[in-house]
Amino acid sequence: MEGFKGWEFLYQELSQKVTDNIDAVQWIDLWHNQVGFLQEEHPFTTPALFVAFRMLSADDLGELVQDANVQVDFYYFYETFLDTYQGSVNNTDALDYLKTVTEIHKLFHGFTGAHISEMRRVGFAPVDTGSAGNLYRISFAGKIIDATAKKVYHAATPGDVVITEGEAPVINKPKQFLIP
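The sequence shown begins at 409 in the working numbering and counts up by one.
In case anyone wonders, no lab produced these hints; they're calculated from the structure.
Quick list of in silico lysine to aspartate or glutamate cross-link-like pairs, DMTMM-like style, CA-CA up to 20 Å:
1) K514 - D431
2) K507 - D428
3) K514 - E526
4) K425 - D437
5) K551 - E410
DEER-style ranges, computed between Cβ atoms:
6) A555 - A460: 20 to 30 Å
7) W435 - V497: 22 to 32 Å
8) F585 - K551: 51 to 61 Å
9) A522 - H562: 20 to 30 Å
10) A557 - H440: 17 to 27 Å
For glycine and all other residues, C-beta sits at the position ideal for the given N, C-alpha and C.
Make a model of the complete structure from these sequences and hints.
Okay, here's the thing in structure tokens:
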């Protein structure tokens, strides 16, 4: 693990891992309840995977660095108006959807990347969309060392500092005490 550099880097790393390994996912985006407002939202293709982050706990290590336990929620959405019950013509679509849910689990359970380590699944549940769509949330916990707020100091190397000879300044300090 290189170390956590920011949420944007973690998002890009996880998104690229999905893109490289799961062909069924047609859209990846940050989660903001897009499926609850399909008419008002910018259109997206499905199946779609949405990603959300939250911090579960953090221990301060000093110098504004934190050892944090984080949660990554993947919302996997597939819009369908078709019957997917057992024996239906579209039953294969439902099984493919569930197969992809399993692929997401296999891809991230035990994953350590450049920005997160020790990912493990901690939750799996359907989410009611109120519409004709299947939505499941697959949650993973992982660890990050967040040093993004740490102050960066630049060390001087020989040749970086120029010393000019001259007279030392005269400093007149007031006496702090009087000896009789």
